[in-house]
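Enquirer: Residue numbers (numbering that gives the first Met the number 0), protein chains in the order written: chain G, 0 to 325; chain D, 0 to 291.
Some hints here could point you the wrong way.
Chain G is faced by these chain D residues, among others (derived, beta-carbon under 7 Å) [as the list claims (entries may be wrong)]:
#1 27
#2 76
#3 88
#4 92
#5 99
#6 109
#7 110
For the record, the hints were derived by calculation from the structure and aren't laboratory data. Heads up, the beta-carbon is just placed ideally off N, CA and C, and yes, glycines get one too.
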Amino acid sequence: MRPILMKGHERPLTFLKYNNDGDLLFSCAKDHNPTVWFADNGERLGTYRGHNGAVWCCDVSRDSGRLITGSADQTVKLWNVQTGQQLFTFNFDSPARSVDFSVGDKLAVITSDPFMELTSAIHVKRIARDPADQTGESVLVLKGPQGRINRAVWGPLNRTIISGGEDAVIRIWDAETGKLLQESDKESGHKKTITSLVKSADGSHFLTGSLDKSARLWDTRTLTLIKTYVTERPVNAVAMSPLLDHVVLGGGQDASAVTTTDHRAGKFEAKFYDKILQEEIGGVKGHFGPINALAFNPDGKSFSSGGEDGYVRLHHFDQDYFNIKL
Amino acid sequence: MALTTSRPVAKVLWGELEEDDGEDLDFLLPPKQVIGPDHNGIKKVIEYKFNDEGNKVKITTTTRTRKLANARLSKRAVERRSWPKFGDAVHEDVGSRLTMVSTEEIVLERPKPLGSKNEEPKAAGDPLAQFQKGAVLMVCRTCGKKGDHWTSKCPYKDLAAPSEGFVDKPPTSDAAAGAPGAAKGAYVPPGMRAGAERGAGSDMRRRNDENSVRVTNLSEDTREPDLLELFRPFGAVSRVYVAIDQKTGMSRGFGFVNFVIREDAQRAINKLNGYGYDSLILRVEWATPRTT
Chain G
0 MRPILMKGHE RPLTFLKYNN DGDLLFSCAK DHNPTVWFAD NGERLGTYRG HNGAVWCCDV
60 SRDSGRLITG SADQTVKLWN VQTGQQLFTF NFDSPARSVD FSVGDKLAVI TSDPFMELTS
120 AIHVKRIARD PADQTGESVL VLKGPQGRIN RAVWGPLNRT IISGGEDAVI RIWDAETGKL
180 LQESDKESGH KKTITSLVKS ADGSHFLTGS LDKSARLWDT RTLTLIKTYV TERPVNAVAM
240 SPLLDHVVLG GGQDASAVTT TDHRAGKFEA KFYDKILQEE IGGVKGHFGP INALAFNPDG
300 KSFSSGGEDG YVRLHHFDQD YFNIKL
Chain D
0 MALTTSRPVA KVLWGELEED DGEDLDFLLP PKQVIGPDHN GIKKVIEYKF NDEGNKVKIT
60 TTTRTRKLAN ARLSKRAVER RSWPKFGDAV HEDVGSRLTM VSTEEIVLER PKPLGSKNEE
120 PKAAGDPLAQ FQKGAVLMVC RTCGKKGDHW TSKCPYKDLA APSEGFVDKP PTSDAAAGAP
180 GAAKGAYVPP GMRAGAERGA GSDMRRRNDE NSVRVTNLSE DTREPDLLEL FRPFGAVSRV
240 YVAIDQKTGM SRGFGFVNFV IREDAQRAIN KLNGYGYDSL ILRVEWATPR TT
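Could you put together the complete structure from these sequences and hints?
Expert: Rendered as structure tokens:
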């Protein structure tokens, strides 16, 4: 396959997200402008201007009408996807790390970093149908975990919130009461910071990637460890194919060590693993730095990766990918 | 089809033609031909037209069509296609080329290439290894033990000093030992210096060079599977490579075979060097490591 290279960002990529139809790709980077691209040919549709810091995460509503972005400028912004217009700004007292719309797009879960003497927190905000009615009040604020919370997503039926972060513990919270329901235990859990968390297409299981050089697959309801995928490099990003039983892990050595070693030693590949057999299927090379973001097109026929090198690489799979046998 | 009017009609000796017919001589040309697209997606279009001097020119256009994912788009996605650009995309320079198609063909690289399946049974008590147990053949050059393990599987490998007998070890590996390298004043990359965390990268590089056999004077028809077939009987092969000329697609007449076990490679060299293969006499030798 010949990937499409998109060089719209001047700084490392942080997050990638496809919309529900899989025709738009949203990219966030440490430069201040989240960008939307056509997911088939990689043409740039527009940028969302207004943030004043690195943008860490984004999510798009199911109807592709709204975009929510979380940034290090201590704000979370709602955008009109079509025009790039800012609809609302949530202000926080610390950088926002992760954002996720609930099923139905009526709620959003936002995590904020520890900053000064503030601890990290998970905020739940109500998203109004009409942006004029939007308020900045939190429905719920969850506190407790030590260190940064790198990702928080909604569980099934919006009843729970699943979070993971620097303390390497996966927690499931009650989204109504804010009570901590479950925690991953020490033996089966990650040993180092959880960098990414992605749900399967049906939400029945989710995959976490960690700096302990592994990715783990968990049951959403019981929080039991299903599978472990071991690799040689810290995992910065994970993705799950909606079509085949494949998982993709992206990572690479620390950006600070890149210049001192051979580029082949960096292992800046997107590694494909068989979801069930836990065996490596193959690697896709190309980035000149660690992979920070991965996303699968909802149709499962293409995926994109974003790297520390500032490039988004959009890969449309060749036909033989769909016939791979171990 | 555009025709230039300045074309001298006189050159075409059709006296019967009326003056104004001269404007349209297309019917004199052979019809447009379209060949393909074949299974590689290569399509040839052959057109004929008159050039400025009135000469007939044949134009062959070869195009390769690549099928991307055949997407089924929703109505709303089609609608979104016509959305106007916004933000920085509005004032985008035509020449900015934000989106490019990679010039490099990227493949999903399989972690274990050909013959890897055979690797495991060998490690776990291969019948051949069992048979040779105690035979003089199996001598570990690191610890000198006979018939217990191969050199590459030696448990004391890391403890022993590297033997001088290694031909295929990169010369830099001595410098990599750390202190002596520094004393000589040779540059040692920080990742290789003593105390630096030895990444898997250097290992990976070594594995590629280790037990590598160069095969030259191959016939042009020889392909990787042929080479594998030829070398497979000597032991597990981890990589087979035949150099292919990018332009012509023909074999350049040499290739490399990597063995999992060094002794297998040695046996293959002994047996196959000077072996007649496809009317040519093969030359099989240890691959010398790349100097860079």
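Enquirer: Give a verdict on every hint.
Expert: Evaluated hints:
Proximity of residue 27 of chain D to chain G is violated relative to the hint, the smallest CB-CB distance being about 41 Å (cut-off 7 Å). Annotation: interface hint on residue 76 of chain D holds; nearest CB of chain G at approximately 4 Å, less than 7 Å. With its C-beta approaching chain G no nearer than about 5 Å, residue 88 of chain D sits inside the 7 Å limit, and its interface hint holds. Interface hint status for residue 92 of chain D: violated, as the beta-carbon distance to the closest one in chain G is roughly 12 Å, over 7 Å.
For residue 99 of chain D, the interface hint holds, the least distance from its beta-carbon to any beta-carbon of chain G being 5 Å, beneath 7 Å. The closest approach between the C-beta of residue 109 of chain D and any C-beta of chain G is roughly 5 Å, which is under the 7 Å cut-off, so the hint is satisfied. Interface restraint check: residue 110 of chain D against chain G, minimum CB-CB distance 5 Å, threshold 7 Å, status holds.
Hints 1 and 4, counting from the list given before, are not met by this structure.
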